[in-house]
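Asker: In case you want the letters, here they are:
Number of protein chains: 2
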Amino acid sequence: MSLIIVGSLALDTIEAPAGSVADVPGGSSSYCSIAASYFTHPNLVGVVGEDFPEAVVTLFKDHQIDLAGMAIEAGKTFRWGGRYAENFDDRTTLFTHLNVFENFNPILPDAYKKAAYVLLANIHPGLQNHVLDQMDSDAFVVLDTMNLWIDTALDDLLTLMKRVDMIVINDEEAKMLTNERNYGRAAKKLQEMGPEWIIIKKGQHGALLFHQSRVFAVPGLVLDEVKDPTGAGDTFVGALIGYLAQSKDHTFDNMKLAVVFGSVLASFCVQDFSVEGISYLDESDLETRYDEFVIMSQF
Amino acid sequence: MSLIIVGSLALDTIEAPAGSVADVPGGSSSYCSIAASYFTHPNLVGVVGEDFPEAVVTLFKDHQIDLAGMAIEAGKTFRWGGRYAENFDDRTTLFTHLNVFENFNPILPDAYKKAAYVLLANIHPGLQNHVLDQMDSDAFVVLDTMNLWIDTALDDLLTLMKRVDMIVINDEEAKMLTNERNYGRAAKKLQEMGPEWIIIKKGQHGALLFHQSRVFAVPGLVLDEVKDPTGAGDTFVGALIGYLAQSKDHTFDNMKLAVVFGSVLASFCVQDFSVEGISYLDESDLETRYDEFVIMSQF
Chain A
1 MSLIIVGSLA LDTIEAPAGS VADVPGGSSS YCSIAASYFT HPNLVGVVGE
51 DFPEAVVTLF KDHQIDLAGM AIEAGKTFRW GGRYAENFDD RTTLFTHLNV
101 FENFNPILPD AYKKAAYVLL ANIHPGLQNH VLDQMDSDAF VVLDTMNLWI
151 DTALDDLLTL MKRVDMIVIN DEEAKMLTNE RNYGRAAKKL QEMGPEWIII
201 KKGQHGALLF HQSRVFAVPG LVLDEVKDPT GAGDTFVGAL IGYLAQSKDH
251 TFDNMKLAVV FGSVLASFCV QDFSVEGISY LDESDLETRY DEFVIMSQF
Chain B
1 MSLIIVGSLA LDTIEAPAGS VADVPGGSSS YCSIAASYFT HPNLVGVVGE
51 DFPEAVVTLF KDHQIDLAGM AIEAGKTFRW GGRYAENFDD RTTLFTHLNV
101 FENFNPILPD AYKKAAYVLL ANIHPGLQNH VLDQMDSDAF VVLDTMNLWI
151 DTALDDLLTL MKRVDMIVIN DEEAKMLTNE RNYGRAAKKL QEMGPEWIII
201 KKGQHGALLF HQSRVFAVPG LVLDEVKDPT GAGDTFVGAL IGYLAQSKDH
251 TFDNMKLAVV FGSVLASFCV QDFSVEGISY LDESDLETRY DEFVIMSQF
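Just so you know, the sequences run in chain order A and B. For the first sequence, the working numbering gives the first residue as 1, with consecutive numbering after it. For the second sequence, the working numbering gives the first residue as 1, with consecutive numbering after it.
By construction, these hints were calculated from the structure, which means they are not laboratory data. A couple of the hints might just be wrong.
[Said to hold, decoys possible] Below, a list of computed lysine to aspartate or glutamate pairs in the EDC-like style, where the Cα atoms sit at most 20 Å apart:
1. A:Lys248 <-> A:Asp171
2. B:Lys202 <-> A:Glu172
3. B:Lys175 <-> A:Asp224
4. A:Lys114 <-> A:Asp138
5. B:Lys189 <-> A:Asp171
6. B:Lys202 <-> A:Asp89
7. B:Lys202 <-> A:Asp171
8. A:Lys202 <-> B:Asp136
9. A:Lys202 <-> B:Glu172
10. B:Lys162 <-> B:Asp151
11. B:Lys175 <-> B:Asp90
12. A:Lys175 <-> B:Asp90
13. A:Lys175 <-> B:Glu225
14. A:Lys175 <-> B:Glu86
15. B:Lys189 <-> A:Asp90
16. A:Lys188 <-> B:Glu292
17. A:Lys189 <-> B:Asp224
18. A:Lys202 <-> B:Asp171
19. A:Lys189 <-> B:Glu225
20. B:Lys175 <-> A:Asp90
21. A:Lys188 <-> B:Glu225
22. B:Lys175 <-> A:Glu225
23. A:Lys175 <-> B:Asp224
24. B:Lys175 <-> A:Asp151
25. A:Lys248 <-> A:Asp165
26. B:Lys175 <-> A:Glu86
27. B:Lys114 <-> B:Asp136
28. A:Lys202 <-> B:Asp89
29. A:Lys175 <-> A:Asp138
30. B:Lys175 <-> B:Glu196
31. B:Lys188 <-> A:Glu225
[What the hints assert, rightly or not] Computed list of chain B residues with no C-beta within reach of chain A, every gap over 12 Å:
32. Ala55
33. Gly82
34. Phe95
35. Asn103
36. Asn105
37. Leu132
38. Asp133
39. Asp136
40. Thr152
Glycine residues also receive a C-beta, built at the ideal position from the N, C-alpha and C atoms.
Extracted from the complex, chain A is given alone in its bound form (with noise of 0.2 Å):
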């Protein structure tokens, strides 16, 4: 029992300028768990409808994610649609109806408890809060979160980052968290915030790895073509984390290759709708895609 990943299911309709799809797999730990999966066999913890395509299921247990922790629940699954604007400048919301997401309380099965690894994916931190207290072992925790509970639940999410070991958040969001424009000083007010690893996500342009006073950057893949930047950022955290659990090395040189293999899943992530980039690689695309970034950053 390595890595276990809580967060939203869903099935997402999503418009973009290269298309549109319907009620395919969505959701934080959709992503997460199937990036996680090319290092090591995930957990997920999550809910969903009675609706859920039996595909889907497969398609998790192909990727040799454990669904014990994955309840079945009389309803609906929670839906979400999106439009992105020419060039992804914006994304409009379409609906959200969270249906048997609304009540959705986390309960890991007792194997899950002694898990070293624990991937927070975005859900409400008060649920993320829930999630840790049942937790019995001293787990590297993983914290994703979004604006929108910065807004609407910020006490729960400043005594979260208290209990986690390091916080994944993109630019927006640490400008609203720190009030800090500038990264070196963002990434310092984090840091007294709770988490002792920061990584501040800057979407085509990269990330920002804080451990103490050093930094680590590694640049966005240049793409001739994004299909749909949907999930990108959970795809990042999921490689992330599951390349961590592999390896179980958590020096600063070690950080670097799995901020590099996040972002080497989420560039393969954007070249699709939905987790359709992420779920048929093998190892030598993964290798082939790492050299990319070695071609384009080592110097």
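With chain A's structure known, arrange chain B on it following the hints.
Answerer: Chain B alone, transformed into the frame defined by chain A:
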């Protein structure tokens, strides 16, 4: 005679959150020449008025910058004033007094016409074409430009682009010139306009180097304080071509190093006003900062 730099020489007045300065050395070729001087002996072509401070001439000479091409004309030196908003999101031009720069007609001393490297720092593209008309050599030519010329002198600029080996522009200018917001597609369009080498500067997010189908990304150094971003782009390209002129190696791997050293000097530039941050460095300063780039980006 290795490198000539043609650009503006000015006295700047700058208001920024960290303070204000008046009549300090500015203009594209001041920054370019001082930055290049850490790698080679640049030859500067420009014009100043009779009021140009002797101290700045001494500073140039201390940097072993050849001034045979710097004309001193009756009248006042070009003056520019600018104000930066908090966080440097916005720069307001307070005044532009062209003075002797208004009728600048760059005339190359004969000895300069066989230079192997030419940096066309930011001035009107008509004048930049005029500089190339005077060259007797098959020099490696690097072009810098700005949004003003894309708006007001596009035909001259497009003619010029067919004559240069490398263009260095920022992301907004790349979008203006190509109507592409995707960096990969923008670079391809820029290559089709003439230059074999494309550099897109992204401010604090670093820069991208494109050659044929290859891409190199250098991150921006994470600095806790930026005092004055004026001239950072000029400093970047000055150091870059200075490094090239010293190494005479146009392989992709060496161009990567040129881009890194451009970034090293630019990171010093923004830490102080005017050319203060780049005027008094020694070899160990450059090595230490280079090592910071290694730690920050190598895995």
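Asker: It remains to establish, for every hint, whether it holds in the given structure.
Answerer: Hints, one by one, checked against the model:
{"no.": "1", "hint": "A:Lys248 <-> A:Asp171", "result": "violated (28 Å)"}
{"no.": "2", "hint": "B:Lys202 <-> A:Glu172", "result": "holds (18 Å)"}
{"no.": "3", "hint": "B:Lys175 <-> A:Asp224", "result": "holds (15 Å)"}
{"no.": "4", "hint": "A:Lys114 <-> A:Asp138", "result": "holds (8 Å)"}
{"no.": "5", "hint": "B:Lys189 <-> A:Asp171", "result": "violated (30 Å)"}
{"no.": "6", "hint": "B:Lys202 <-> A:Asp89", "result": "holds (17 Å)"}
{"no.": "7", "hint": "B:Lys202 <-> A:Asp171", "result": "holds (16 Å)"}
{"no.": "8", "hint": "A:Lys202 <-> B:Asp136", "result": "violated (46 Å)"}
{"no.": "9", "hint": "A:Lys202 <-> B:Glu172", "result": "holds (18 Å)"}
{"no.": "10", "hint": "B:Lys162 <-> B:Asp151", "result": "holds (18 Å)"}
{"no.": "11", "hint": "B:Lys175 <-> B:Asp90", "result": "holds (18 Å)"}
{"no.": "12", "hint": "A:Lys175 <-> B:Asp90", "result": "holds (18 Å)"}
{"no.": "13", "hint": "A:Lys175 <-> B:Glu225", "result": "holds (16 Å)"}
{"no.": "14", "hint": "A:Lys175 <-> B:Glu86", "result": "holds (14 Å)"}
{"no.": "15", "hint": "B:Lys189 <-> A:Asp90", "result": "violated (25 Å)"}
{"no.": "16", "hint": "A:Lys188 <-> B:Glu292", "result": "holds (18 Å)"}
{"no.": "17", "hint": "A:Lys189 <-> B:Asp224", "result": "holds (12 Å)"}
{"no.": "18", "hint": "A:Lys202 <-> B:Asp171", "result": "holds (16 Å)"}
{"no.": "19", "hint": "A:Lys189 <-> B:Glu225", "result": "holds (15 Å)"}
{"no.": "20", "hint": "B:Lys175 <-> A:Asp90", "result": "holds (18 Å)"}
{"no.": "21", "hint": "A:Lys188 <-> B:Glu225", "result": "holds (13 Å)"}
{"no.": "22", "hint": "B:Lys175 <-> A:Glu225", "result": "holds (16 Å)"}
{"no.": "23", "hint": "A:Lys175 <-> B:Asp224", "result": "holds (15 Å)"}
{"no.": "24", "hint": "B:Lys175 <-> A:Asp151", "result": "violated (34 Å)"}
{"no.": "25", "hint": "A:Lys248 <-> A:Asp165", "result": "holds (14 Å)"}
{"no.": "26", "hint": "B:Lys175 <-> A:Glu86", "result": "holds (14 Å)"}
{"no.": "27", "hint": "B:Lys114 <-> B:Asp136", "result": "holds (5 Å)"}
{"no.": "28", "hint": "A:Lys202 <-> B:Asp89", "result": "holds (17 Å)"}
{"no.": "29", "hint": "A:Lys175 <-> A:Asp138", "result": "violated (30 Å)"}
{"no.": "30", "hint": "B:Lys175 <-> B:Glu196", "result": "holds (18 Å)"}
{"no.": "31", "hint": "B:Lys188 <-> A:Glu225", "result": "holds (13 Å)"}
{"no.": "32", "hint": "Ala55", "result": "holds (33 Å)"}
{"no.": "33", "hint": "Gly82", "result": "holds (20 Å)"}
{"no.": "34", "hint": "Phe95", "result": "holds (28 Å)"}
{"no.": "35", "hint": "Asn103", "result": "holds (42 Å)"}
{"no.": "36", "hint": "Asn105", "result": "holds (40 Å)"}
{"no.": "37", "hint": "Leu132", "result": "holds (30 Å)"}
{"no.": "38", "hint": "Asp133", "result": "holds (35 Å)"}
{"no.": "39", "hint": "Asp136", "result": "holds (34 Å)"}
{"no.": "40", "hint": "Thr152", "result": "holds (26 Å)"}
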